[in-house]
Amino acid sequence: MFRLLVIWFVVSFGFGILLVEPLNEIRLGGYKLGFWFAQQGSIFVFIALIFYFAAAMTRFEREYQEETER
Amino acid sequence: MSLTLLTYLVVGSTFAVYIGIAIATRASSTKDFYVADGGVHPIANGMATAADWMSAASFISMAGLIALSYNGYGGSVFLMGWTGGYVLLALLIAPYLRKYGKYTVPDFIGERYYSDTARVVAVICLVLCSVTYVIGQMKGVGVAFSRFLETDYETGLGIGMFIVFFYAVLGGMKGITYTQIAQYCVLITAYTIPAIFISLQLTGNPLPQLGLGSTLTGTDVYLLDKLDLILLDLGFQEYTTTLRGSTLNMVAFTASLMIGTAGLPHVIIRFFTVPSVAAARRSAGWALVFIAVLYTTAPALAAMARLNIVDTMQQSDGQALFIEDKPGWFENWEQTGLLKVEDLNGDGRIEYTSDPKTNELTKLDNDILVLANPEIANLPNWVIALVAAGGLAAALSTAAGLLLAISSAISHDLLKSTYMPSISDKAELRASRIAMAVAVLGAGYLGLNPPGFAAGTVALAFGLAASSLFPALLMGIFARRVNREGAVAGMLAGISVTLLYVFQHKGIMFIPDTGFLGAMSPNWFFGIEPNAFGVVGALVNFTVAFTVSRLTSPPPPAVNELLDFLHEPCDVAP
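Protein chains in written order, with our numbering: chain F, 1 to 70; chain S, 1001 to 1574.
Bound-form chain F, shown alone (with noise of 0.2 Å):
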């Protein structure tokens, strides 16, 4: 989950704010990559977190169940 969190930070705060200016050098069709990622990129992302994290809780509580089934 912490590592979650970390991506969730450096995708929003690192890539949209603080990195924005060194990002915007480089382009991503019409985009610069730092205005991407504020606008459309760190939106995608989240979205993705969620699921996977969805994903790898209930992986977790199935191992478990059956661990202590057992």
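Since the hints were made in silico from the structure, they are not lab data.
Remember, it's a predicted structure, so these values are computed and weren't measured experimentally.
Hints may be right or wrong, so weigh each one.
[To be verified] If you anchor each label on the Cβ, the simulated ranges turn out as follows: (1) S:L1210 - F:F2: 57 to 63 Å; (2) S:N1560 - F:F60: 20 to 26 Å; (3) F:P22 - S:T1358: 55 to 61 Å; (4) S:E1561 - F:F2: 21 to 27 Å; (5) S:A1016 - F:F44: 33 to 39 Å; (6) S:T1547 - F:Y52: 48 to 54 Å.
Virtual Cβ for every residue (Gly too), placed ideally from N, Cα, C.
Fit chain S to the given chain F structure using the hints.
For chain S alone, coordinates are given in the frame of chain F:
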């Protein structure tokens, strides 16, 4: 068919659907009323959460805020802030509160901090932030009605109140959930259709998210580069790089909106309606997917509409637009007072510049961007009617969710848990309906006589939630040592600091000229603006809570057991 008739038809049929759903889904028990019997599918709940969450501010104002007031990049604080909060909610808050299994946020705070005082303080914080939020929604309903249906503001507000009253009082959470699903469908269609049209017109790409990064049709110039260039030409700053205030201010603003989102009670209680903890986690993901459809479209809409407006103001020879050539939508919106043109130098042209001395487009309201967008892009009348229905859906769905949060806090947390524990289920259900009715009337009254601060209310609600409820919940779930005294002191300190900073800038209760410490420069705290101050309030809350907890006795063993239960992995449904 005339536009007014068409609008009546579209708005009328959406209202008929909402009322039909309300009748079909009446609540028959308190569990129905508070949490829809805990039987809502995670995807359905995600959709309802999205409608609950996206208010008139998201639908009507946000694209305009990004494009005009925050000049592009600065507006990213809303996009990241209002979506990033869901990551916190899904990872740190929602699954644990779902596991706890009760009906309201003050319920949890009261039990975790083994104190009626903590519960009552939580109710006060909840009511404060929900009421400030709901006023903005009622105002949005009144405005949308008066502009599109040509009724007066009061009639519009009255009709809106009647609709909410009907399905919220009758159906409780169950009615609200299914109505919100319908409202989501209406609002997302209304938002994306004009965006797709405008993206096709400008770039030939039907997906606005891709269109924003494409070249303009018939040229090899990228849309965003063109926009930067034109704006610089007119004396504005670059669209894609201009900061809002300072880097620190942007970080604080984004963080305040994020933790405010994760602490808003009307969003949190939506996760009590799903069948299991695993469903609560997945449901947060779905909610964000449905929200992202609008939130990734909004920045594209913002940039494209801004470009359209600037283009309209420039003739092909690079000169400003002649007043007699101005398009029809100009006149329509001039009548509403949201758009004003003044020929200051009398040359018969409208000059649009950043300099207030020469700028002749003297008023360009943020809300115009979404509302007038179909007209600016010459779209057919039915699209305009759809936008009206969408704006109303956004405002009504959020208002209903907020009213439910307020009424359940009063009937459940104040009556049942604190002052009248012996009340029967049936009497509690009646009490919650009465509380809901009173809340609707109260919100309507405040919508009719909006207190002076109505303009800044939505942002304030986030600041209040961020500084009071979020820290109390987070520490309640993860910090075993934080006790009753710490939590109460923390909530009170956090919310007071935030309110004081806002009042210092804007006047006590937003009454002008009552600002104290008047001699201090604006945004004196490291250049952070009042709307972004919630995060500082939250830090104060954490600090006070930890310090006070250290100095007083640790919580009783029952709290440890509660936390053990919350953190124990749950059974996976077969």
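Hint by hint, here is what the structure shows:
{"no.": "1", "hint": "S:L1210 - F:F2: 57 to 63 Å", "in the structure": "violated (34 Å)"}
{"no.": "2", "hint": "S:N1560 - F:F60: 20 to 26 Å", "in the structure": "holds (23 Å)"}
{"no.": "3", "hint": "F:P22 - S:T1358: 55 to 61 Å", "in the structure": "violated (36 Å)"}
{"no.": "4", "hint": "S:E1561 - F:F2: 21 to 27 Å", "in the structure": "holds (25 Å)"}
{"no.": "5", "hint": "S:A1016 - F:F44: 33 to 39 Å", "in the structure": "holds (37 Å)"}
{"no.": "6", "hint": "S:T1547 - F:Y52: 48 to 54 Å", "in the structure": "violated (36 Å)"}
Hint compliance for this structure: hints 1, 3 and 6 are not met, and every other hint is.
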